[in-house]
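Residue numbers (numbering that gives the first Met the number 0), protein chains in the order written: chain A, 0 to 312; chain B, 0 to 335; chain C, 0 to 502.
These aren't lab readings, by the way, just hints derived from the structure by calculation.
Any given hint might turn out to be false.
Claimed, not checked - No more than 20 angstroms apart at the CA atoms, straight line, and that leaves these computed lysine to any residue pairs for SDA-like:
1) K303(C) / R128(B)
2) K338(C) / S395(C)
3) K338(C) / S209(B)
4) K151(B) / L284(A)
5) K151(B) / L281(A)
6) K151(A) / I41(A)
7) K303(C) / F153(A)
8) K303(C) / M127(B)
9) K303(C) / E219(B)
10) K151(B) / R157(A)
11) K303(C) / S209(B)
12) K314(C) / E254(C)
13) K151(B) / N287(A)
14) K151(B) / V282(A)
15) K198(C) / D228(C)
16) K151(B) / P288(A)
17) K151(B) / Y289(A)
18) K151(A) / Y163(A)
19) K303(C) / K151(B)
Claimed, not checked - Non-contacting residues of chain A with respect to chain B, defined by C-beta distances greater than 10 angstroms in every case (computed):
20) L6
21) L95
22) I171
23) Y289
24) R307
Claimed, not checked - Pair ranges (Cβ atoms, derived):
25) V114(A) / H197(C): 34 to 40 angstroms
26) A70(C) / A52(B): 40 to 46 angstroms
27) H339(C) / W190(B): 26 to 32 angstroms
28) H339(C) / G183(B): 45 to 51 angstroms
29) L301(B) / M99(A): 28 to 34 angstroms
30) K188(C) / S204(A): 29 to 35 angstroms
31) A106(A) / D231(C): 37 to 43 angstroms
32) H197(C) / S204(A): 41 to 47 angstroms
C-beta atoms are modelled at their ideal positions from N, C-alpha and C, and glycine is treated no differently.
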Amino acid sequence: MSTTMQLLRTDWFGLLVAFLLGAIMLGVAQPSFLSTYNIYVILTAFALSVLVALSQMVIVAIGQLNLSVGAIGGLAAITFAGAMDLWNVPIPVAILIGLMVGVAGGALNGVVTHVTGLNAFVVTLATLSIFKGTNIGITEAQPFYDIPEAVKTFGNARFGFFPYLLFVSGAILVAVWVFMRRAVLGRQLLAVGGNRNAAELSGISIGRVVVAAHVLSGTLAAVAGMLAVARLQLGQPTIGDDWLIISFAAPVIGGAVLAGGHVSVGGTLLGVAIIMLINNALVLLNVNPYAVQLLLGALILAAVALSRFRDPA
Amino acid sequence: MSMKVVDGRAGPRGPTLALLASSEAGLLLITVGFVILFSYLTPGFSSPFNTYALTRVLAIDVVIGFSMMVVLVTGGLNLAVGAIGVCAVMVGGWAMEVAGLPILVAVVLALASGAALGALNGILTVAMRVHSFVVTLATMSLFFGAMIVMTKAQAFNALPAAFVSLAKLKTYFFASSMLYISIGIGVLLWWLFHHTLIGRQILAAGANTSAARLSGVPVERTIVVCHALSGALAAFAGLMLTARNGAALPSMAGQLGMDWLLPAFLAPVLGGTLLTGGTLSVAGTFLGAAMVTVLSNGLLQLELGEFWVQAFLGIILLVAVALDRLRAHLMAKRRI
Amino acid sequence: MTEKLVITGASKAFPGVQALDDVSLALAPGCIHALLGENGAGKSTLIKIITGVHRPDAGTVLLDGEPVQFASPREAIARGISAVHQERNLIPRFSVGENIVLENLPRRRGLVDYGEVRETARRFMAPLGLEIDPDTPVRNLSVARMQLVEIAKALSLDARLLVLDEPTASITPYETETLFRLLRELRDKGVAILFVSHKLDEVFELCDSVTVLRDGRNACASRPLEGLDRADVVRLMIGREEQTARRTERTATGEPVLALRNVGTELGHRNVDLEVRAGEIVGLYGLVGAGRTELAKAIIGAAKVTSGEVQVDGKAVTIDSVATALSRHRIGYVSEDRKHEGLILMHSVRRNVAVTVWGRIARALGWLPNRAERDAVTPYIDRLQVRTPSLAQPVSLLSGGNQQKVSVAKWIAAEVRVLIIDEPTVGIDIQTKVYLHELIHELAAAGTAVILISSDMPEMISLADRIAVMSEFEVVGEIDNDHDATRMGEAIMARIHKVEGAT
Chain A
0 MSTTMQLLRT DWFGLLVAFL LGAIMLGVAQ PSFLSTYNIY VILTAFALSV
50 LVALSQMVIV AIGQLNLSVG AIGGLAAITF AGAMDLWNVP IPVAILIGLM
100 VGVAGGALNG VVTHVTGLNA FVVTLATLSI FKGTNIGITE AQPFYDIPEA
150 VKTFGNARFG FFPYLLFVSG AILVAVWVFM RRAVLGRQLL AVGGNRNAAE
200 LSGISIGRVV VAAHVLSGTL AAVAGMLAVA RLQLGQPTIG DDWLIISFAA
250 PVIGGAVLAG GHVSVGGTLL GVAIIMLINN ALVLLNVNPY AVQLLLGALI
300 LAAVALSRFR DPA
Chain B
0 MSMKVVDGRA GPRGPTLALL ASSEAGLLLI TVGFVILFSY LTPGFSSPFN
50 TYALTRVLAI DVVIGFSMMV VLVTGGLNLA VGAIGVCAVM VGGWAMEVAG
100 LPILVAVVLA LASGAALGAL NGILTVAMRV HSFVVTLATM SLFFGAMIVM
150 TKAQAFNALP AAFVSLAKLK TYFFASSMLY ISIGIGVLLW WLFHHTLIGR
200 QILAAGANTS AARLSGVPVE RTIVVCHALS GALAAFAGLM LTARNGAALP
250 SMAGQLGMDW LLPAFLAPVL GGTLLTGGTL SVAGTFLGAA MVTVLSNGLL
300 QLELGEFWVQ AFLGIILLVA VALDRLRAHL MAKRRI
Chain C
0 MTEKLVITGA SKAFPGVQAL DDVSLALAPG CIHALLGENG AGKSTLIKII
50 TGVHRPDAGT VLLDGEPVQF ASPREAIARG ISAVHQERNL IPRFSVGENI
100 VLENLPRRRG LVDYGEVRET ARRFMAPLGL EIDPDTPVRN LSVARMQLVE
150 IAKALSLDAR LLVLDEPTAS ITPYETETLF RLLRELRDKG VAILFVSHKL
200 DEVFELCDSV TVLRDGRNAC ASRPLEGLDR ADVVRLMIGR EEQTARRTER
250 TATGEPVLAL RNVGTELGHR NVDLEVRAGE IVGLYGLVGA GRTELAKAII
300 GAAKVTSGEV QVDGKAVTID SVATALSRHR IGYVSEDRKH EGLILMHSVR
350 RNVAVTVWGR IARALGWLPN RAERDAVTPY IDRLQVRTPS LAQPVSLLSG
400 GNQQKVSVAK WIAAEVRVLI IDEPTVGIDI QTKVYLHELI HELAAAGTAV
450 ILISSDMPEM ISLADRIAVM SEFEVVGEID NDHDATRMGE AIMARIHKVE
500 GAT
């Protein structure tokens, strides 16, 4: 097989070409696209969305899905903000509390799914309501405004076009990439997603893997929620409400198989990048920003159709 | 357990026992229990006004539940029920307000567009050979986005008075007239699924796709039919909601129409329709919706934490599905 | 010397079936022990108890003289038990190497060491003659190679107790020889091996002792194979002499009802020629993975025919769906996989039989009254003597034999002219088996054209008029059946062998 063919068969190559072409075209059509500030804006949004996408991706890896990604992120966000606003907790402790919410939420999803053997869809639909309902119950739909300056500063800080938020996301991205490729637990996740029976007969503990995946998903969602607080400068109860589509869109565009067993961190990254590019293009070209919903839907369908075409099995 | 839903007749243990063991009977008992409890705790609950308001909400939630149920039976699901409902309603609103078409024509147009969008879901699911989850996730975003772009997020406020008054009719026992319409739809669905060729084919294809296909059942057609039906029912629910609101609102089902998802799943799942497909219970879906409506209405009437209702419904869904699982497990053990 | 494994009085029930009833087995180190029994006799259940997949309802398992109760396969592996199961148990997207060492992924500094993965994998692939790049994804392999990967995977655990469930089902005689040499070496090193196979020749060639199961019970427990001959073993397996069904006299007449001319399919068949006439039974024989079931699916329109011609009554036709095959050409297919493809388990007996006739009995507006359905299926339930408390009984609660009768009944109800029957007697009791054999004769005598797919050589030889031998998705030969078991068996194997040897 020639090198070109091999590249074409990877999850990321076509996406990279598409992204670069899109970026070049947009840069030519609208030079302000390449302004430092605009790139900063895109990267900030990217830093959040990529965590949301990874949070869903690790669940897709085991062949399940998680509707409660946004609800966990939102709940972590408001407990993080609320702890600092109401109780004046030091920032590291507040971060810890936010992470614990993510871990606990994910653990609940994982344990219930595994113990009852129920479809993760219905379990996470229920926990979505529980987490979102708890969020609304605690906040009564009002934001927490009193966030420490340090958090706000961090949310706004940048090196030129590079937002500080991206340090966090970038580090996590690399860690997840290594985890899925080289860590034993990461391989076990994919083994369970690829053939659950075979994984079990190979001595892999299904329960442990399922719970671990959900805990990881919850934790990633929680980090995304807390970064959103830093960026918005307040603990908004609606954080996470609009994560659902992008959380699936990016991994699917990135070549993930929804039946489980195959995900691509690089593909997911590029999936998020392409979505961010489209979003930005619509803003810069003065198109109705709601058109992004339309395009996202079309993009998911196209990605699925393409993967069918590439891999008909 | 599955027998009553599957075959529409009593199990081997005789009709009485089967009835007691069914989820419908359990739901009925629980719902009646809650009605009595709430009537006792707060006088507002059983007031004519509240009864009317409650049955009106119930009428709509039942149809939303049906809309999901008819896709669950194929073993699929439809995340786009809310988005389709809103899209269809905006078509209807435009037809009445802008195009000035007669109400009946506008209603038919709305239902047809709902069915068409649903059919599109079905066709895409079949053509791409993927689970309807990912297709309807995509179309939820696609339909809703297209609707907002086209309507510029503007509502149709000046609907004909005759259309709006449809929702205001009260009948015996202060029940909304819409409830009878929902019951009528339920009866039609029951007949469709248990006494027609396509209904049997749908159940067979939903229970075991390969076996049905290898027995000559046109599996693809059943999937498209179910999604089209789901779209039409979503449109119907949307029209009922529009009549109640007095306007066709792009925001009536929330962001991407996702506010409908919880009621859409709660009713059939509580009512014993399996997510794996192949069985359904029309009466169960009705009772599931009734229980949810009574519970949320009662909690609001009691004025205890209106903000906590959603969390509460989530817990109920979780407990209900877990209990159902446990019951299936125990039944399987007893058969040995 | 203590026995490696002693099972005493093991019982296990599943909803609707007592899979094992008071079964015992003792296995010594340095011994290859055959576990035999017909399909459905309980071999797989027993294996799953040994490997920690199932827990017995009663009975004890002693490993090295010590009672064990595994909660999961993980624990069994930890105690030195490894197995090749009958189902495919590989992760399709993982590499050959990673699949082989999945139980013990080698790691360095906390991460998987893929260099080591490749090396270890090669070490266990080489003795099996498996010369492929360990980085190849498993899903790109042929069935035979996957089977070899599974064996390498089991060997990689250096187990002291090795369980092999039909390890030779899809590999060539040459590969089988290599495997047997390897197994003997392991035996000489003191490994205890439990060997399950349908091929009695292999058992006699390889094994030292034998346990036979019949209907979930011991027909014999751990006796030396020496002194037993083939007929003895068969008698133990089926409870009496091999019995042939009553044959109905018939002669095939006329032109072929169904004919394949040089057919190729999207599933990989090439140049397939096959014809079957009214009143004739044509057998399709081959190893697992030879493409027989797939050919059946292409004939009935569940897979695409990409070249050549399918003729019905001498006219070329295109069958694009099972619905077309059923309604226009009256061709039916009884699936080998009753649970997943044959029956709708959660639905009633009535619905399961009626599914093929719904289109015919529906009235205006698609109205389909229950009474019409009942009237349509009752004669066939009676004719096939399906034992069910009522027509409303869910099929899942019937016994295996009665389930199979329902699966066949729907095609008889459909009054098909061509019936393809795939492994009709797998996993069912002897009486039903004999009954089904007689039924197949009767159907043919009444003018149905029958294509029989079976891996059961005696069944094939007793039923078929002609036997088409398939290998690697081609028909490699056709033999007129003279019903002489030995001669036919040799003729069939010679044809499979020739092709396998050539590649």
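Now the hints, each set against the structure:
1. K303(C) / R128(B): Answer holds: K303(C) to R128(B) is near 16 angstroms, not above 20 angstroms.
2. K338(C) / S395(C): At roughly 9 angstroms apart (the allowed maximum being 20 angstroms), S395(C) and K338(C) satisfy the hint.
3. K338(C) / S209(B): holds, 10 angstroms
4. K151(B) / L284(A): holds, 17 angstroms
5. K151(B) / L281(A): holds, 15 angstroms
6. K151(A) / I41(A): Holds. K151(A) to I41(A) sits at ~19 angstroms (cutoff 20 angstroms).
7. K303(C) / F153(A): With Cα atoms ~60 angstroms apart, K303(C) and F153(A) exceed 20 angstroms; violated.
8. K303(C) / M127(B): Distance ~17 angstroms between K303(C) and M127(B) Cα, so the pair holds.
9. K303(C) / E219(B): holds, 16 angstroms
10. K151(B) / R157(A): violated, 36 angstroms
11. K303(C) / S209(B): Measuring from Cα to Cα gives roughly 16 angstroms; hence the hint holds.
12. K314(C) / E254(C): Answer holds: K314(C) to E254(C) is near 11 angstroms, not above 20 angstroms.
13. K151(B) / N287(A): Distance of about 9 angstroms is within 20 angstroms: holds.
14. K151(B) / V282(A): holds, 16 angstroms
15. K198(C) / D228(C): With a Cα-Cα distance of about 14 angstroms, the restraint between K198(C) and D228(C) holds, given a limit of 20 angstroms.
16. K151(B) / P288(A): holds, 11 angstroms
17. K151(B) / Y289(A): holds, 9 angstroms
18. K151(A) / Y163(A): holds, 11 angstroms
19. K303(C) / K151(B): Given pair K303(C), K151(B) is violated - Cα atoms ~47 angstroms apart, limit 20 angstroms.
20. L6: Holds, since 25 angstroms exceeds 10 angstroms.
21. L95: holds, 24 angstroms
22. I171: Given that every Cβ of chain B is farther than 10 angstroms from that of I171(A), nearest at about 25 angstroms, it holds.
23. Y289: With a cut-off of 10 angstroms, Y289(A) comes too close to chain B, as the shortest Cβ separation is near 4 angstroms.
24. R307: violated, 6 angstroms
25. V114(A) / H197(C): 34 to 40 angstroms: 39 angstroms Cβ-Cβ, so the 34 to 40 angstroms window holds.
26. A70(C) / A52(B): 40 to 46 angstroms: Once the Cβ atoms are compared, 54 angstroms apart, the range 40 to 46 angstroms for A52(B) and A70(C) is violated.
27. H339(C) / W190(B): 26 to 32 angstroms: The hint (26 to 32 angstroms, Cβ to Cβ) holds, given that H339(C) and W190(B) are roughly 31 angstroms apart.
28. H339(C) / G183(B): 45 to 51 angstroms: violated, 39 angstroms
29. L301(B) / M99(A): 28 to 34 angstroms: Given a distance of about 32 angstroms, which is inside 28 to 34 angstroms, the answer is holds.
30. K188(C) / S204(A): 29 to 35 angstroms: At roughly 31 angstroms between Cβ atoms, S204(A) and K188(C) fall inside 29 to 35 angstroms, so the hint holds.
31. A106(A) / D231(C): 37 to 43 angstroms: At roughly 58 angstroms between Cβ atoms, D231(C) and A106(A) fall outside 37 to 43 angstroms, so the hint is violated.
32. H197(C) / S204(A): 41 to 47 angstroms: Violated - the Cβ-Cβ distance for H197(C) and S204(A), about 33 angstroms, lies outside 41 to 47 angstroms.
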